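Asks: First residue of the sequence shown: 1, per full-length UniProt numbering; consecutive thereafter.
Just so you know, the hints here were simulated from the structure itself, not pulled from any lab data.
A portion of the hints provided could be inaccurate.
Derived BS3-like pairs: lysine-lysine, alpha-carbon spacing no greater than 27 Å straight-line [as the list claims (entries may be wrong)]:
id : residue 1 : residue 2
1  : Lys884    : Lys926
2  : Lys948    : Lys971
3  : Lys617    : Lys602
4  : Lys725    : Lys701
5  : Lys725    : Lys560
6  : Lys336    : Lys421
Derived Cβ-Cβ restraints for the label pairs, each shown as a range [unchecked claim]:
id : residue 1 : residue 2 : range
7  : Gly625    : Met341    : 53 to 63 Å
8  : Ile922    : Leu484    : 35 to 45 Å
9  : Ala949    : Asn677    : 46 to 56 Å
10 : Asp446    : Ser843    : 31 to 41 Å
11 : Arg324    : Leu484    : 29 to 39 Å
12 : Ser561    : Ala949    : 49 to 59 Å
13 : Arg787    : Lys420    : 34 to 44 Å
14 : Gly691    : Glu541    : 28 to 38 Å
15 : Ser539    : Thr727    : 30 to 40 Å
16 : Thr555    : Arg1078   : 12 to 22 Å
17 : Ile1034   : Gly789    : 51 to 61 Å
Only a predicted model underlies this, so the values are computations on that prediction, with no experimental measurement involved.
Glycine included, every Cβ here is placed at the ideal spot set by N, Cα and C.
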Amino acid sequence: MDVCFCLITLSSPWRRVRDVKCSKMRPNKSRLSLKRKHDAGSAPPSSSCDSALLDKTRLLSADDTLFSNLVAEDFEEEPVTISALKTSIVEKSCGLSPIPSLPSFASNIGSPSSPIVNKSLSRTQRCLIPQGDQLNDSLKDSDFLAIPEPLIDMELVREERDLFEESPQNDKTLSDSGCEGASLDDDEDKPWEDSVYVPVTPKSCHNITPKNLSSAKALDGTRSIGIQKLSHITLPLNKTKFEMTLPGLTDINWDESLRLAEKSPSVEDSANSSSFSQKFRQQLMSNYNRNNMTPTFQGKNGQNIPEDQCFFGLPSKVQSLIERFRGIKDLYAWQKECLSMPEVLQRQNLVYALPTSGGKTLVAEILLLKEILINRKNTIFILPYVAIVQEKVRALSQLAIELDFFVEEYAGGKGSYPPKKHRCKNGVYIATIEKALGLVHHLIIDNRLHEIGLVVVDELHLLGEGSRGATLESVLTNLHYCKLGIQIVGMSATIGNLQEISSFLNAKTYTGDFRPVELKEYIKCSDTIYSINRNMIGSEESPLSIDRTLESTYTEEQLKSDPDQIGALVAETVPDESCLVFCPSRKNCENVALLICQTLPKTLKTVRVEAKKALYKALIAEGNGQVCPILYQTLPFGVAYHHSGLTAAERRLLEEAFLAQTLCVICCTSTLAAGVNLPARRVILRSPYIGIDFMDMSRYKQMVGRAGRAGFGGVGESILICQLKDTEKVLQLLKSGMTESISHLDADDGAGLKALILHSVSLGLASCRSGIYKFLEHTLLWVQSERKGVDVLNLADRCIQSLVAEGGLNIVDVKSSDSTENNENVIVAFPPSNNKSSDSQISICIRLSTPLILSKIGEAAVKGSLTIVIAHRLYDDLCLAQEKLVLVNHFHLLYCITPYSMMDQIKPNYQVFFNQFMNMGINELKVAGAIGITEAVAVTVMRRKTLKAVPQEVVDRFYLTLMLYDLWHQKSIWDVSEKFQVSRGQVFSLVQAASSFASCVLRFCEVLKEFWCFKVLLEEMVQRLSHCCSVELIPLMELPAVKIGRARQLYNAGYRSVRDVAAAEPTRLIREVDHMPRKVAYQIVAAAKLILIQKAEALRDEATDFLDGLNLHMKDTTTPVYNALQ
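With the hints as extra help, turn the sequences into a complete structure.
Replies: Right, dumping it as structure tokens:
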């Protein structure tokens, strides 16, 4: 790509270049310091080179011979004509005008405020902005000539603050890059002040942005250049220098030969040496030819990235940012091999499987960044849990600000349907499995799926896990069937049938057994510890060999309470190293944590005392003044437990404390291994059981894979504790393979397949039985049909019949079916009858080509992401509520959005139910009566008798509503947990499920116009319900992974909004918020900045849309908003 710099002459008198000097540079940096004097007595010469210099109709590219004319020591010394050498002249019509509306620019350059637009900010340069007393308003856009200025690589000197804060202090006027600043002669006439030298590129010549500037005086009295931290986006009158970005300058290579000696050359030295113009011309032409011969990666918009300056097709800046934010200096060999695969370079689908801790996520993120920055497409990152989504949003926010792309969270109550359309940016949607399904559906409906270029699926083995696996299969089937060139990348550490999954996705596979840290596996039985030799598994010899006998200093009493000597195993690693203890149940986690503290030495209480106090205060804040009694006892030892009974905020604080080494031991369930990234030196498996089930190889690998992650010691250890009776099962476990991912579309009488068929018809992907058959050929169920013994087509017909009978599908025109089809291809369905009093039932014949469409309730079910059964149930409940809707408070509306799914997870305590009912106020009793719950019902329930007045489900759902009602009135989760005798984790899960279900009900009501009142009433409830906090904390709850306790601490510290957090120094957050890790503080500030940027850009896009409707164009007069946040 040709790189050009513009000299925009702002005065009419003819000037000539008299002298050129270049100052000393640091390695890999270069700058030209040009001096020019006005020859007052001379007149413009008539030579061809001079006329070319004054040509106001053309822009010359970087290889043109007129560069030599411009930098020649004297024009008469080396006359050169345009025809002397080959030139490359680019006409203005090619769209290379350096500054649009140059007269306006020229007229405003001396004004107090002269904003100049820049839409492309990726590299930073500094240029001279000389000043003049009088400006020529008659200049045109073409009054310029290209001159070069070398790239200054700001990435090598970039810090958290702007480095250009101090003005130069000595006569050499050193800039931040280590080179001498350009100083002016002592002459009264300073023609530099009559010109503006602006470097541009063919793609950025119209994107020039001045920042806040400062000037300084050199010792010789001349004006020198200095830059201060950006605080405004205007160009003050008395400033002489500004920063700008030049995204295209990486293509020029500046050789060391252009850098001069420590001191500026004297006049005598210049006379004895060849002219600088000759050196400059030769070097420039050499660089130009070299760049043209260098292999390049080309972006979709035509930008070239030289191979020697790129990072797997990305700019080298990405590599430096990964090192800066992740601490990763180089990739592993397998990562380089995987990213260099021809299939990956050709954007084919990829499924790769490696052990936990092998670095799989980084490969996916590099592919994601390449799709965003180079291919200019949006991406979707699918993760299994809300907590992991929020962690990923925080982690990518820093990269998003630096590389200028958006990050949107789709988890819980967050995420809009359809997604916002970004005019100028690409980015990533980070979503849970359920949210990803809704996201893909709305993109298909709005004909916007082509905006997506890459979909990454973490934990791909979840395809085999129940209803969530069926949902994930639906997402991938839709993407695969649309065939829009979307690349699908899936990764997993525990997938046993990789070939079947790759066949399902038509993907290339990559496997390996790489681990950055050696893992040593042991089994403890009684007092003996056996080492596992993986090389011997499958052979006739035993893979177990005695490693050592555990010797502990247990007393007889301690040995009785801890016969497996778990405390002794933990004591071998703590406090210098960390340890994870996986337990079979939640209750066992708490017991083991207390047990370990009883056996550990009391001296551990003196380790990291201040950090433990800060953690305790943070837990107090999250618990609204309360903390778990067990944690109160174990925290002084650096021990904690972790399971779903804790709130998400508590779990997050404990995870951060473990990573910060405030905690050295966590006793947890197996769910932690599948979700959170918590590496440890030693992993102890308390039992080979998970609940009452014996663990499989996938679960085993997930847990032991947490041992010995990179950067956490040179070796990792796992110890499985088992009893003598389980040794045979353990040996069989070691010999078994990974668990296979089996499709669940056919489970529960084809519930997943029904939803998939309903969605395919709704999205227009299939419109009849034959179309549905073709669509189902792209499912995992189709690939596995033979091994599962499932007739997919027959099952599809049964699902179609069921959907018609349930009112989800309708027949367009029965008579239009092809009568020539055999009766074997016809199925009979019985749609619901409108006349309920009639016993007769109408039958419909559905042939292969019979058109199928969604009914109104089927459409609402799809829009609300509900099954057709739940949709009918919700419809009936809303109809009943609409007849007797009580709006004296929010109680009745809360009942309408109480999720049905939580009734199976939280069973009522009927004594508590009765007590709460008897203590309700008059308004609450009105709601209970409207639902059908009376005092007689409450008494019957308390006595455990069979209900006749109302269904049992109504009572169970009302019990959950009572919990939500307390939370709505800002009762703490602790209070509600104690009041209703359920765990804090269950209360938190209820809040999350209610928030998500409320969004579903809202979208459901948008389709069914008869429920317009619920649409209006529920809109404001959804956001507040997702947080259940006071109104003033809601803005801070927008930040990823910021819960009520941390939001309250931020608010009390003076951070009342996202804007306040974005403007904060991370180090200040660390001081003012209890137990705020340094990494988390930087991520939260970056996330806050990104939220503001995206909101500002959304408003700008909205304004542009309005103006486009009026056939107007919004004139950009400000730099991109993220510059103001730097």
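Asks: Where does the structure disagree with the numbered hints, that is, which hint numbers, in rising order?
Replies: Of the numbered hints given earlier, those the structure breaks are 2, 6, 8, 15 and 16, listed in rising order.
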